[in-house]
Each structure stands twice: as C-alpha cells, then as structure tokens.
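Each protein sequence line maps, in turn, to chains F and H. With the working numbering applied, the first sequence covers 44 to 155. With the working numbering applied, the second sequence covers 1341 to 1457.
Just so you know, these hints were derived from the structure itself, not from any lab. A quick note: this is a predicted structure, and the numbers were derived from the prediction, not measured. Backbone N, C-alpha and C fix where the C-beta goes; we use that ideal spot for every residue, glycine too. Watch out, some of these pointers could steer you wrong.
Claimed, not checked - Here are the simulated distance ranges between beta carbons: (1) H:1349 <-> F:115: 32 to 38 Å; (2) F:139 <-> H:1368: 19 to 25 Å; (3) H:1349 <-> F:96: 36 to 42 Å.
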Amino acid sequence: GENVEQHPSTLSVQEGDSAVIKCTYSDSASNYFPWYKQELGKRPQLIIDIRSNVGEKKDQRIAVTLNKTAKHFSLHITETQPEDSAVYFCAAKYFGNEKLTFGTGTRLTIIP
Amino acid sequence: DTAVSQTPKYLVTQMGNDKSIKCEQNLGHDTMYWYKQDSKKFLKIMFSYNNKELIINETVPNRFSPKSPDKAHLNLHINSLELGDSAVYFCASSQVSLRRVHSDTQYFGPGTRLTVL
C-alpha cells in the first residue's frame, strides 16, 4: 500500500518568512495530492491540492509543487502570518482507490 | 448549514462500556469515512462506505462496527471500550463520480473526542 513520509515534524518560522514542508510517497500510481490544515481543536481542512498532470499550483500565498519522478511534493507558504500556525498534513491517493493516506503532520509555528 | 456533523463532540466513558458516534453529511456525497487521530496527531483511516457498501476496512479491532443506514449517515459503534481507544474520531465525506474525475476532496466533520477512563 501507499506510504507517505512528511518532514519536518515541527517548523518554526519568523512572521513574514517562507515555510516549506516536504512529503514523499511510495506508490507511483498515486495521482492526487491534497494538503490539509488543522488548527488546534479543529477539523482538518483542505487548503490546496494537486493532480499528477501538473507540476505546480498556486493559490495566493500557498503553492504546491510535485515531482513525479522523485515521488515527492512540497507545500510552500510565503509571507507567513500568525494565523498560519497549525498542523499541516499531506496526503496521497490514486483514482479508483478511495483510501487517502496521510503523512504524519508538521506543526508550523509562526513567531511574531 | 453544517456540511458534515458529528455527535457527540465529547464522550467520556468507563472501560468496558459500549458507545456510539453518529455522523451526518448534507453535501449529497456518496462516500463516507471514519478516521482516528491519536495523541500524536496521526490521522488513520478506519472505514469507508460508498452508497451504504463497505469499501475500506482497515486493520481495526472487531469491537469497532460501522453502520450506514443511508448514504448521508455513517455511525460508529464501539464495544468493550479500552484505554487505547481514547482519541479524536473524525468522520469525512466525498463524492465519488462515475468517472472518478472530481472525486477526491474529503470534507471532515468537527470530530468527537473520546476519553476512556
């Protein structure tokens, strides 16, 4: 089955700087890669996703890049703000399989 | 107005008891899931139902039994609760289209924090 590794497990960044979280996956058939943000005591919420037919996707301060050859994908947050502090999860799956495999999470702390 | 809802939000119970958690979605989705999030925040899939049919059944003790009376509801019943069952349980839903093109986004419920004493 799919295995998703996520690094780092914790990340502290000065407000205004950029944050990068990286994930690798094992199943080359995976073709959908979402990122979820979970604030303290809240539910995971989708913030951005990418499908394997594109290499990069942006949404304002958030971007995701995908390298299918190396089987890794990354989340980039620019101009970080205190409200970006949360746990971020990457995940992977392929069409035809409804099982979404999550990474172990990254606790991001933005230092004011 | 809530898309995916769960009850109760908190559940505190003694070891050995039997309890249920309910989940409902009003998004018209045909697939629902149960996840367990432990104290280290790991999110693990437990079960998934598509149109009331079980499609994912991970390695979960058979004390856990999901039930889907219709595609908008997925309940989780837990027998003989153990200390290790303490966690946050999330329900989620998604739409699996016939061509599986726009099927991926999973929407999570607010979670149920289960504490077994």
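Hint-by-hint comparison with the structure:
no.	hint	result
1	H:1349 <-> F:115: 32 to 38 Å	37 Å, holds
2	F:139 <-> H:1368: 19 to 25 Å	21 Å, holds
3	H:1349 <-> F:96: 36 to 42 Å	39 Å, holds
Violated hints: none; the structure is consistent with every hint.
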